[in-house]
Amino acid sequence: MLDDTDRRILRHFQHDAGMSPTDLADKAGVTPATCARRLDRMRQSGILRANRAVIDWRALGYEVEVSLRITLDKTQPRAFDDFLEAARNVPEVLEIQTFLGRVDLRLSVIARDMAHYQQIYRSAILTLPHMADIEALMHVARIKSDEVLPL
Amino acid sequence: MIELDTTDRHLLRELARDATQSASALGRKLGLSQPAAWRRIRRLYDSGIIKGQRLDLDKEKLGFGVTVFLGVKLATKARGSTADFERAVAAIPEVQTVEHILGLYDYRLRVVARDITDFERVLRRRLMMLPGVGEIEANVLLSEERRPGPIG
Numbered sequence: 085m086l087d088d089t090d091r092r093i094l095r096h097f098q099h100d101a102g103m104s105p106t107d108l109a110d111k112a113g114v115t116p117a118t119c120a121r122r123l124d125r126m127r128q129s130g131i132l133r134a135n136r137a138v139i140d141w142r143a144l145g146y147e148v149e150v151s152l153r154i155t156l157d158k159t160q161p162r163a164f165d166d167f168l169e170a171a172r173n174v175p176e177v178l179e180i181q182t183f184l185g186r187v188d189l190r191l192s193v194i195a196r197d198m199a200h201y202q203q204i205y206r207s208a209i210l211t212l213p214h215m216a217d218i219e220a221l222m223h224v225a226r227i228k229s230d231e232v233l234p235l
Numbered sequence: 329m330i331e332l333d334t335t336d337r338h339l340l341r342e343l344a345r346d347a348t349q350s351a352s353a354l355g356r357k358l359g360l361s362q363p364a365a366w367r368r369i370r371r372l373y374d375s376g377i378i379k380g381q382r383l384d385l386d387k388e389k390l391g392f393g394v395t396v397f398l399g400v401k402l403a404t405k406a407r408g409s410t411a412d413f414e415r416a417v418a419a420i421p422e423v424q425t426v427e428h429i430l431g432l433y434d435y436r437l438r439v440v441a442r443d444i445t446d447f448e449r450v451l452r453r454r455l456m457m458l459p460g461v462g463e464i465e466a467n468v469l470l471s472e473e474r475r476p477g478p479i480g
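Sequence lines, in order, name chains A and B. Position in the first sequence counted from 1, then plus 84, gives you my numbering. Position in the second sequence counted from 1, then plus 328, gives you my numbering.
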């Protein structure tokens with residue numbers, strides 16, 4: 085479906101999604117018209133879903149990031165649905181992932197400081213339904229976060 | 329730290345959804361003139377609140393059917409030389425993110441692979457060969473949602 089030209093364009097675009105169309109075409113070694121046409125086609129086929137701004141939550145005063153690993157009580161038939169629905173209503177939850185493995189779910193939660201985190205944890209997290217176990221991992225640093233695919 | 333008003337928050341939410349919208353299109357949406365919208369957008373970028381842009385790609389359509397989150401614990405004797413581990417792990421193309429964490433594990437990695445066989449190759453040939461690796465726990469991603477966050 086994708087040829088080498090498409091891959092080359094995506095490879096460059098992934099590394100700097102803020103690049104102007106002319107710079108991107110230049111880097112990928114194609115004409116701006118070809119580049120635009122290829123990107124259009126990838127948008128239409130759903131490969132390229134969006135180009136999003138990445139928010140630096142620290143710059144907005146959110147200093148704390150915690151990963152919560154959660155095991156659900158699977159004897160409850162609606163455990164996953166109920167839990168996901170409730171977790172979506174917590175504004176400080178940035179990511180929700182479900183897994184096959186030792187844990188069922190992971191939430192990424194941000195807070196302004198430890199006191200704020202404590203408050204979110206008590207009032208919004210511990211009240212989520214059907215939890216059997218919860219484990220917190222505190223973020224110290226991001227070593228790599230570009231999320232680039234090895235195309 | 330910069331204080332954002334309601335209009336800034338709306339802009340931020342819109343740009344996090346689609347950063348390619350023009351200042352005039354965003355201005356129309358939020359009832360701002362094109363120059364006013366442009367100034368506010370500029371400020372979000374210049375102040376570092378928007379730290380960049382990211383492509384949202386359909387991994388499956390690109391042939392990456394498997395995403396695995398790994399919890400990595402370093403061997404006790406390797407704790408002093410985390411820089412070696414960090415440098416080596418960040419250089420592996422299949423590793424999308426590396427986070428240093430406190431708790432049960434030392435690092436969390438997000439790894440993509442074409443399928444489970446391909447993942448096994450990455451795990452055995454690359455990840456288990458990393459300097460200082462102790463225990464590894466793998467959780468295969470089934471679904472993922474990114475939420476807008478507390479923008480209001």
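Careful: at least some of the hints might be erroneous.
[What the hints assert, rightly or not] In silico negatives: residues of chain B with every beta carbon more than 10 Å from chain A:
#1 A347
#2 L360
#3 R382
#4 T425
#5 T445
#6 R449
#7 R452
#8 V461
#9 E465
#10 S471
#11 P478
[Stated by the list, open to error] Distance windows between CB atoms, simulated:
#12 A:P234 x B:T348: 19 to 27 Å
#13 A:D197 x B:R442: 16 to 24 Å
#14 A:S104 x B:I464: 37 to 45 Å
#15 B:D412 x A:P161: 29 to 37 Å
#16 B:E473 x A:S229: 13 to 21 Å
#17 B:G431 x A:D100: 31 to 39 Å
#18 B:K401 x A:P175: 17 to 25 Å
#19 B:L470 x A:G113: 20 to 28 Å
#20 A:A216 x B:E473: 19 to 27 Å
#21 A:S229 x B:K405: 46 to 54 Å
#22 A:E147 x B:R474: 17 to 25 Å
#23 A:A143 x B:A403: 32 to 40 Å
It is worth saying that the hints were derived from the structure and are not from the lab. Heads up, the beta-carbon is just placed ideally off N, CA and C, and yes, glycines get one too.
Check: Is the nearest Cβ of chain A still more than 10 Å from the Cβ of B:A347?
Finding: violated (4 Å)
Item checked: Cβ separation check - B:L360 to all of chain A, threshold 10 Å -> holds (17 Å)
Note to self: For B:T425, is the shortest CB-to-CB distance to chain A above 10 Å, so the non-interface label stands?
What the structure shows: Per Cβ check, B:T425 is inside 10 Å of chain A; nearest 5 Å; violated.
Next item on the list: Over 10 Å to the closest beta carbon of chain A is the bar; see if B:R382 clears it.
Entry: Its Cβ does come within 10 Å of chain A, the nearest being 5 Å, so this is violated.
Checklist line | Whether B:T445 stays farther than 10 Å from all C-beta atoms of chain A, as the label says | finding: B:T445 clear of chain A: closest Cβ-Cβ about 16 Å, beyond 10 Å.
Next item on the list: Using the beta carbons of A:S229 and B:K405, state whether their distance is inside 46 to 54 Å or not.
Entry: violated (28 Å)
Next item on the list: May I ask you to test the hint 17 to 25 Å on the CB atoms belonging to A:E147 and B:R474?
Entry: For A:E147 and B:R474 the Cβ distance comes to about 21 Å; the hint holds.
Notebook entry, point to check: Between A:A143 and B:A403, is the Cβ distance one that fits in 32 to 40 Å?
Noted result: holds (36 Å)
Next item on the list: Take a look at whether the Cβ-Cβ distance between B:E473 and A:S229 falls inside 13 to 21 Å.
Entry: Holds: the Cβ-Cβ distance is about 18 Å, inside 13 to 21 Å.
Notebook entry, point to check: Looking at B:R449 again, its CB stays over 10 Å from all of chain A?
Noted result: Non-interface label stands for B:R449: nearest chain A Cβ at 13 Å, farther than 10 Å.
Next item on the list: Using the beta carbons of B:G431 and A:D100, state whether their distance is inside 31 to 39 Å or not.
Entry: holds (33 Å)
Check: In this structure, is the beta-carbon distance linking A:D197 and B:R442 contained in 16 to 24 Å?
Finding: Given about 42 Å between the Cβ atoms, the range is violated.
In summary, the structure is inconsistent with hints 1, 3, 4, 9, 10, 11, 13, 15, 18, 19, 21 from the numbered list given earlier, while agreeing with the others.
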